[in-house]
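All letters in the sequence shown, in the order written, are residues 16 to 189 by my numbering.
Bear in mind the hints are in silico, worked out from the structure with no lab data behind them.
Note that the coordinates shown come from a computational prediction; the quantities given were computed from them, not determined experimentally.
Glycine is no exception: its CB is placed at the ideal position from the N, C-alpha and C atoms.
It is possible that part of the hints are untrue.
Derived DSS-like pairs (lysine-lysine); straight-line CA-CA distance at most 30 Å [stated by the list, open to error]: (1) 45 with 117; (2) 65 with 42; (3) 170 with 129; (4) 104 with 42; (5) 65 with 170; (6) 142 with 42.
Derived CB-CB ranges, DEER-like [claimed, not checked]: (7) 130 with 41: 20 to 26 Å; (8) 184 with 113: 18 to 24 Å; (9) 113 with 137: 28 to 34 Å; (10) 120 with 42: 45 to 51 Å; (11) 125 with 17: 43 to 49 Å; (12) 63 with 155: 15 to 21 Å; (13) 42 with 176: 32 to 38 Å; (14) 103 with 62: 20 to 26 Å; (15) 125 with 56: 22 to 28 Å; (16) 65 with 121: 18 to 24 Å.
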Amino acid sequence: MDHELVLGKTDSNLVMYVDADWASDAKTRKSNSGYLFLLGGGPICWGSRKQTCIALSSTEAEFVAVAESCQELLWIDRLLADFSVNTAKPIIIHEDNQSCIKQLESGRSTNRSKHVDTKYHFVYQLKEDGIIRMQYCSTEEMVADMLTKPLTNVKLSRFREAAGVHPSRRSDGS
């Protein structure tokens, strides 16, 4: 089935969806991260990768995913500025792990692992600088799920369309 990217919104709001699938690799117990950036309702950047460190909880896995996506965010934001696209701040990060959001809002890291603690402080600094704001997104609405784990066809279709990728309307099949 052919698909097409449908853009139409004229706003310059950059929106992020970030997710992690904790300890999903049965052999190494490393987690998977996924992120999706939308601009004007359409995807402009996305990624999916296995985390390099082993997270000790789902919250740690989410912090690793958020930190990785925020590094990409800073690059994307500079690139958009080079094209005279000024993104509204703070940039909303949709996150489905409430513990991750609460820790960030409290300003206190409870992570015991140094490698995760540094990622927490990186993300916290971006929040304090007004660059990002975390917003809860239910797991049922987490578009980045399609980048971290297998989904049913129904859920994949729903998330794909939420990301601006729709079945092609061309009837000639070309």
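Cross-check of the supplied hints:
no.	hint	verdict
1	45 with 117	24 Å, holds
2	65 with 42	12 Å, holds
3	170 with 129	36 Å, violated
4	104 with 42	40 Å, violated
5	65 with 170	22 Å, holds
6	142 with 42	35 Å, violated
7	130 with 41: 20 to 26 Å	22 Å, holds
8	184 with 113: 18 to 24 Å	39 Å, violated
9	113 with 137: 28 to 34 Å	20 Å, violated
10	120 with 42: 45 to 51 Å	35 Å, violated
11	125 with 17: 43 to 49 Å	48 Å, holds
12	63 with 155: 15 to 21 Å	20 Å, holds
13	42 with 176: 32 to 38 Å	34 Å, holds
14	103 with 62: 20 to 26 Å	22 Å, holds
15	125 with 56: 22 to 28 Å	36 Å, violated
16	65 with 121: 18 to 24 Å	29 Å, violated
Taken one by one, the earlier hints fail for this structure at numbers 3, 4, 6, 8, 9, 10, 15, 16, listed in ascending order.
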